[in-house]
Amino acid sequence: MIKKFIYSKKIAPYVFIVPFILTFLIFWIVPIIKSGMMSFQSIQFTEVEWIGLDNYKRLLGDSQFRLAVFNSVRYMIGTLILLIPIPMIFACFINSKVMKGKEFFKSVFFIPALTSVVVAGTIFRLIFGEMGSSLMNQFIGIFGLEPIKWLKNDWTAFFALLTLACWRWTGVNMLYFLSGLQSIPKELYESAQVDGANAWQKFIKISVPMLKPTIIYVLTISIYAGLSMFVESYMLWEGKNSPKNIGLTIVGYLYNQGIRKNNMGYASAVGLILLIIVMVINVAQLTVTGLFKKEEK
Amino acid sequence: MEKKNISLSVLTFLLFTVVAIVILIPFLAIFIGSFKDGTDMIRNGLNLKIELDKMSLDNFKFLFSGAEEARRYFMWYKNSMILTISQVALTLIVSAFVGYGFAAYEFKGKNALFLCVLLIMSVPFEILMLPLYKQVGDMGISDTYAAIALPFLAHASTIFFFRQYLAGIPKEIIEAGRIDGASEYGIFARLILPIMKPSFAAMAILNAMNSWNNFLWPLLVLRSDSKYTLPIGLNTLLSPYGNNYDLLIVGSFCAILPIFILFLFFQKYFIEGMTAGAVKG
Numbered sequence: 001m002i003k004k005f006i007y008s009k010k011i012a013p014y015v016f017i018v019p020f021i022l023t024f025l026i027f028w029i030v031p032i033i034k035s036g037m038m039s040f041q042s043i044q045f046t047e048v049e050w051i052g053l054d055n056y057k058r059l060l061g062d063s064q065f066r067l068a069v070f071n072s073v074r075y076m077i078g079t080l081i082l083l084i085p086i087p088m089i090f091a092c093f094i095n096s097k098v099m100k101g102k103e104f105f106k107s108v109f110f111i112p113a114l115t116s117v118v119v120a121g122t123i124f125r126l127i128f129g130e131m132g133s134s135l136m137n138q139f140i141g142i143f144g145l146e147p148i149k150w151l152k153n154d155w156t157a158f159f160a161l162l163t164l165a166c167w168r169w170t171g172v173n174m175l176y177f178l179s180g181l182q183s184i185p186k187e188l189y190e191s192a193q194v195d196g197a198n199a200w201q202k203f204i205k206i207s208v209p210m211l212k213p214t215i216i217y218v219l220t221i222s223i224y225a226g227l228s229m230f231v232e233s234y235m236l237w238e239g240k241n242s243p244k245n246i247g248l249t250i251v252g253y254l255y256n257q258g259i260r261k262n263n264m265g266y267a268s269a270v271g272l273i274l275l276i277i278v279m280v281i282n283v284a285q286l287t288v289t290g291l292f293k294k295e296e297k
Numbered sequence: 001m002e003k004k005n006i007s008l009s010v011l012t013f014l015l016f017t018v019v020a021i022v023i024l025i026p027f028l029a030i031f032i033g034s035f036k037d038g039t040d041m042i043r044n045g046l047n048l049k050i051e052l053d054k055m056s057l058d059n060f061k062f063l064f065s066g067a068e069e070a071r072r073y074f075m076w077y078k079n080s081m082i083l084t085i086s087q088v089a090l091t092l093i094v095s096a097f098v099g100y101g102f103a104a105y106e107f108k109g110k111n112a113l114f115l116c117v118l119l120i121m122s123v124p125f126e127i128l129m130l131p132l133y134k135q136v137g138d139m140g141i142s143d144t145y146a147a148i149a150l151p152f153l154a155h156a157s158t159i160f161f162f163r164q165y166l167a168g169i170p171k172e173i174i175e176a177g178r179i180d181g182a183s184e185y186g187i188f189a190r191l192i193l194p195i196m197k198p199s200f201a202a203m204a205i206l207n208a209m210n211s212w213n214n215f216l217w218p219l220l221v222l223r224s225d226s227k228y229t230l231p232i233g234l235n236t237l238l239s240p241y242g243n244n245y246d247l248l249i250v251g252s253f254c255a256i257l258p259i260f261i262l263f264l265f266f267q268k269y270f271i272e273g274m275t276a277g278a279v280k281g
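Heads up: the sequence lines are chains R and F, in that order. Our numbering numbers the first residue of the first sequence as 1 and each following residue consecutively. Our numbering numbers the first residue of the second sequence as 1 and each following residue consecutively.
Just so you know, these hints were derived from the structure itself, not from any lab. As the structure is a prediction and not an experimental result, all values here were calculated from the model. Positions of the beta carbon are idealized from the N, C-alpha and C atoms, including for glycine. Incorrect hints may have been included.
Residues of chain F placed beyond 10 Å of chain R at every Cβ, according to the derived structure [said to hold, decoys possible]:
hint, residue
1, Phe35
2, Ser65
3, Ala67
In silico DSS-like cross-links for lysine-lysine, where the CA-CA straight-line distance does not exceed 27 Å [as the list claims (entries may be wrong)]:
hint, chain 1, residue 1, chain 2, residue 2
4, R, Lys4, F, Lys268
5, R, Lys240, F, Lys227
6, R, Lys3, F, Lys171
7, R, Lys106, F, Lys197
8, F, Lys268, R, Lys100
9, R, Lys10, F, Lys108
10, R, Lys102, F, Lys268
11, R, Lys3, F, Lys108
Bound conformation, chain R alone (with noise of 0.2 Å):
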């Protein structure tokens, strides 16, 4: 009977999808109800007790949230500035027809993508170490500049961890751009060509617009990822709070506050926050891209 009921036509599509539906049930929507009310109370261990809104009143009010929304939004900002234009000039040079070795350089220029973030930023934090003998003081002592603390000072700090997202994101990018170039039709740089365009015009009025889809993704990926960076300032500081805070971002804050402090009811407040903004990104950019349409066909 019930074997019957499970290998019947109608019912096989569910069978199918049903990890999914489990998955998102148990692991997705239940977590975030849960979430959700718990940002409403205060939990010390076992003592809950409904406080209303006065953990989002906190939020409003609080300094180090503000430092870790201003640290992660920055971060987010630099990503987009360098992880956008730099792969993609990369990605064209590598697609176009003067360039030489251009299978060897994909795999140099992706390799770096391939390690943990923790044997990473363990790389970077010993090469910007504070030492007068460090890599980064080496090399900025050639231009015979004194030792810097880098990961003591603010902009000294940010610098290193872009170093650290453009190092490992790089190739990853110029792959998605490379990917998108190549769908390109290449008429239309040929019947550009008969028109007398030179290579940058060709640049900004094929490449780029065509590249329109692309460059939505990367820049919703960036943005995902640079709101939601942690593990990277987790490992430049090894795991500790990092000076005046200068590393903090928001998914730290989070942690410091849920993990560390055991915080549930607070930190579940910053952490719906932080959902709705990337959900509210989300729906904008699968609208942009068209993506509901298509599935309603």
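Chain R is fixed; fit chain F onto it per the hints.
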């Protein structure tokens, strides 16, 4: 015209060579560093100085010495291997199953459910980590590998990839299977899975890399030292005392190797897996 092309070609080649060298420097630094004493590392940071008098194979010898710390390192290594292999195998099967469901059938609620897949795909895990952490705690499975793997077995981007792949498969195959009297699941197991083989490679590689490098979620879930994976174990070596750094640098270097070797052999699949989501949008 020809001349201009050649000089441009040389210039871009030079530019790319410089960038490639810069990209490889951190690897070179950790390679050189793995021959230096851990205390030297704490005092001097990482650099590219080759100082033969300070360099030795001691760290590597220590790693294979069978000392307590070294044995722990290999335990983490083994744990990571076991977790990665089982997680990848299960994720591929479950996600292929779901992906086929989305690709082959029309049913009520399909669009809404697929929209959920798309939403999950792009939401960063970090945002969900606290609710999820609470949830596995409530379920009583914290500090287990089940807690690490279960939430991600029906893996959204893997499902998406398989669905896109299967959307191109002619429906006649399924129809032919039905006429031959196969059940819906028999069709999946006997007719569809073999066709899916090429798409498995890319997703296997991508999931293996993610699982091997996974840090934040295991960091929240795992408590007992005996269950630590490689990234979590290495993380415990960060505090600069004892001979932690002797092991940390060599250990980090060896941690990259399996994925790096996979990359050398299966580069095509790495790239295919990584860029799968990009052009579809």
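So, going through the hints one by one against the coordinates:
1. Once the 10 Å rule is applied to beta carbons, F:Phe35 is consistent with being away from chain R; the minimum gap is 14 Å.
2. For F:Ser65, the condition that its CB be more than 10 Å from all CB atoms of chain R holds, with the nearest at approximately 22 Å.
3. Look at F:Ala67: its CB is around 21 Å from the nearest CB on chain R, clear of 10 Å, so calling it non-interface holds up.
4. The suggested pairing of R:Lys4 with F:Lys268 is violated, with an alpha-carbon distance near 43 Å, which exceeds 27 Å.
5. For the proposed pair R:Lys240 and F:Lys227, the alpha carbon gap of about 23 Å is at most 27 Å, so the pair holds.
6. This hinted pair checks out: R:Lys3 and F:Lys171 have alpha carbons roughly 25 Å apart, not beyond 27 Å.
7. Distance check on the hinted pair: R:Lys106 and F:Lys197 sit about 26 Å apart at the alpha-carbon level, within 27 Å; holds.
8. A hinted pair counts as satisfied when its Cα atoms are at most 27 Å apart, and F:Lys268 with R:Lys100 qualifies at roughly 19 Å.
9. Only pairs whose Cα atoms come within 27 Å are accepted, and R:Lys10 paired with F:Lys108 is accepted, the gap being roughly 10 Å.
10. This hinted pair checks out: R:Lys102 and F:Lys268 have alpha carbons roughly 14 Å apart, not beyond 27 Å.
11. A C-alpha spacing of about 22 Å is found between R:Lys3 and F:Lys108, which places the hinted pair at or below 27 Å, so the restraint holds.
Hint compliance for this structure: hint 4 alone is broken.
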